[in-house]
Amino acid sequence: MEIALIGNPNTGKTSLFNNLTGSYEYVGNWSGVTVEKKVGVFKNNIGHLIDLPGVYTLNPLSKDEGVVTSFFLNESVDRLLNILDASQLERNLHLTLQLLEFEKPALIGLNMIDVANKRGIHIDASKLSGVLGVPVVPVVARSGKGCDKLVDVIATKSIQPTKKNLVYYGKDVEEAITALIAEIIGKTDHSARFLAIQYFEGNEYVQEYVNSIADSEKLKTISANLEIKLQEIYNSKSLANFIYLKRKEVIESIVADVARKSNSDIPLSEKIDSIVTNRILGMPIFLLLMYFMFMLTFDWLGTPLSDALDALLTGPVTVGFEKVLTAINASEFIHALIINGLVAGVGGVLVFVPQIFILFFFISLLEDSGYMARVALVMDRIMESVGLNGKAFIPMMIGFGCNVPGIMAARTIETSRERLLTILLTPLMSCSARLPVYALFVGAFFAGNKAFVVLSLYVLGIVVALILAKIFSSTILKSETSLFVIELPPYRLPQFQSLWRSTWDKGKGFVRKAGTFIFAGSVFIWLLSYAGPNGLNVDMDHSYLAAIGNAIAPIFAPIGFSTWQASASLITGFLAKEAIISTMNIIYFVPNDASLQGLLADYYTPLAAYSFMVFILLYIPCLATVATIYKETASKKWTAFSMIYAFAIAYVLSLIIYQGGRLFGLV
Amino acid sequence: MIASVLIGAAIFGYAIWHFVKFINKSKKGKCAACELKNSCSSQCGIPPKVK
Amino acid sequence: MFGSLKAGDKGKIIDISHVGHLVQRRLLDLGITEGSEVCVKCVMPFGGPIMIESCGQCVGIRRKEAVQIEVERI
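Chains as they are written, first to last, in this note's numbering: chain A, 1 to 667; chain B, 1 to 51; chain C, 1 to 74.
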């Protein structure tokens, strides 16, 4: 049995999905967390549950909403599970009425009854069920209350809707519906009435579908005649608006019937909002929060933890491996492979796990609390001036964790031009895999003000993105239309458990990658550094790796790092940015107490180190990001463009920083 | 000596396996990395045309 | 006019038809249309967006679109 989960954005569909399937999918407190279809198996194995992006109506405006409409048209589903936000019943019922017109077995999960009660809204679920003709089960998706009941109802009851044609659209529309049904009846498995109404509403996906099975000219005439008629008789603005108003009438009578309102106190949200979206303090508060996040990650908490982990790995762990290797009498080759290759390469990346988890914790906190949408609001003025809108800031913030989900999050942006622009610029956001490089270099060269230097890099990424947005939007991606309407969800206190889960969910990818790809990469990098044209165990400067690095090293001389070591690590960085750090650990491997940080001072000046960090920040996105850009834009041209412009801008900026810095007498 | 060969073979085998897997996964982008890919029939199949 | 409302003011939407089609659709999705009562929550500086509340939900829209919405103060 296939059950589709559908509802308005930010009504808790994914929370419910996680509860019903026992899986863990990405949840957050803003509209548009889920941008693609996800399938899970019910806990008690009664069927598949399909999580869809949130929509207000089946007539889509943005790409994530299109996912839902094309799902309805192209795939078969046995049951619809409609989630309603009890505190926003009127708005939610618009979608419900459209779903019921689809004439599939349906049931309703009435979510957020706790929030509604707090606002003084009380809804009679059994009455609602009676009016709509489908079962209604009250649930609290966040805590899982009521989910068992929901599963029982799905599994046992026959839930064919008992009422048909809940909304009567008036004589004229109904006549036109009948006429359109006559054209398509028997040619489709979908409800003909549903298709007819959606056609009249101007749903492009449905129009395309219907035109493919019937005479498009005839349909067009029916629709046009109806529109003219309605204009003459009722002075209606448009056909879509007429249908909307008819639905609204029905909804108002339903709500008056089932909901009871009482007085309530001012929600906490409004008090917090008056501070964080304050006209003067909004931006400074955001920057202060970011600064606090970086201090905690790099100074107060993250670095001491990383240092402790580093001491553990280079000390007891290495000694332990050495002992075992000696005991089993391992050959020199194996000894070098494990100590110089694996422990250095994998260990060098694992050391940064504490810092990455702290960063992810903050990103999860932003997502879960409801602050994300406020940031978009606060940022909109700046974004508008560069040809984007505030919503584009959300993918960019997500990009701080990992660019891949960041680019996916751009699906919620309504206009295709702004979406493309956001996809192209999100890779400039410094993802968590780039963080170890900064941590290493600031530790070696800028110990005094670590957090500040790293913050400067993150801000540089944002500033470059904004400048490029301005350039692109006034040259290659010119267009007038821009849309910014954003729903600001109420704040909620994040639960520690869900916060920890989403932190772990994001962070475990980093740990897993260290054990798989970084492990593999370390082996090959080490092998390339161990072998050379003259045989095995050569001096590293005569290894294959040195030969490869030397081949491209001259390109980087003007920007401050012409060593083969730097070039070699940049090449591996294309596969995954963490690989830069494991490559460096292997190349600069020092068996004694001397740390990599100390050794780096021999190869870089502070100025060259900063130039290197800027280059790492901006140069070609990693392989997985490039693949996602290709998937999302479906264009080889734009994918290639995203790689080329990033490399060019990285080179130019590093050049300005390095040569400019030297002019001012910096080293 | 036998231990060395065994360890070496294990490490290189594991490394090659994951290297190939990683490159394949990255090239496919998000879908392959998704844990639900086996039961997911959509394959990110969204019509490109949305205004 | 929306432009004349300050934070804390309440109003009723009379005419929304001058706003761009996409914005109109999105506001309609959120249940904000002619006849809706709205309350201005805050106004961002430098001509930034404004935050309005309607039926217990908050929505951010741009100033330039907001001034095209005709409201009557209540």
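Mixed in with the good hints, there may be bad ones.
What the hints assert, rightly or not - Mimicking BS3-like on lysine-lysine, the simulated pairs with C-alpha atoms at most 25 Å apart in a straight line are: (1) Lys118/A - Lys10/C; (2) Lys10/C - Lys248/A; (3) Lys478/A - Lys64/C; (4) Lys237/A - Lys41/C; (5) Lys25/B - Lys145/A; (6) Lys261/A - Lys10/C; (7) Lys118/A - Lys64/C.
As the list claims (entries may be wrong) - Per label pair, the in silico range of CB-to-CB distance: (8) Pro45/C - Gly315/A: 48 to 58 Å; (9) Arg73/C - Arg512/A: 57 to 67 Å; (10) Pro45/C - Phe321/A: 54 to 64 Å; (11) Pro45/C - Ile644/A: 32 to 42 Å; (12) Asp15/C - Ile23/B: 54 to 64 Å; (13) Arg73/C - Leu499/A: 16 to 26 Å; (14) Ala531/A - Asn24/B: 50 to 60 Å.
These aren't lab readings, by the way, just hints derived from the structure by calculation.
A virtual CB, placed ideally from N, CA and C, is assigned to each residue, including glycine.
### Query
Regarding the pair Lys261/A and Lys10/C, is the alpha-carbon distance no greater than 25 Å?
Holds. Lys261/A to Lys10/C sits at ~20 Å (cutoff 25 Å).
### Query
Does Lys248/A lie within 25 Å of Lys10/C when you go C-alpha to C-alpha?
holds, 23 Å
#### Entry: Hint check for Asn24/B and Ala531/A - Cβ pair distance inside 50 to 60 Å
Between Ala531/A and Asn24/B, where Cβ atoms are some 26 Å apart, the hint is violated.
### Query
Are the Cα positions of Lys237/A and Lys41/C separated by 25 Å at most?
violated, 30 Å
### Query
Would you say the C-beta atoms of Asp15/C and Ile23/B sit inside 54 to 64 Å of each other?
holds, 58 Å
### Query
Pro45/C and Ile644/A, beta-carbon distance inside 32 to 42 Å?
holds, 38 Å
#### Entry: Consistency of beta-carbon spacing, Leu499/A to Arg73/C, with hint 16 to 26 Å
violated, 43 Å
#### Entry: Proposed proximity, Lys64/C with Lys118/A (alpha carbon, max 25 Å)
violated, 35 Å
### Query
Are Lys478/A and Lys64/C close enough, with their CA atoms no more than 25 Å apart?
Holds, because 20 Å separates the two Cα atoms, which is no more than 25 Å.
### Query
Is Lys25/B within 25 Å of Lys145/A, Cα to Cα?
violated, 38 Å
### Query
So the hint says 48 to 58 Å: do the beta-carbon atoms of Pro45/C and Gly315/A match that?
holds, 54 Å
### Task
Could you grab the alpha-carbon distance between Lys118/A and Lys10/C and see if it respects the 25 Å cut-off?
Answer holds: Lys118/A to Lys10/C is near 23 Å, not above 25 Å.
This entry does not satisfy hints 4, 5, 7, 13, 14, going by the numbered hints stated previously.
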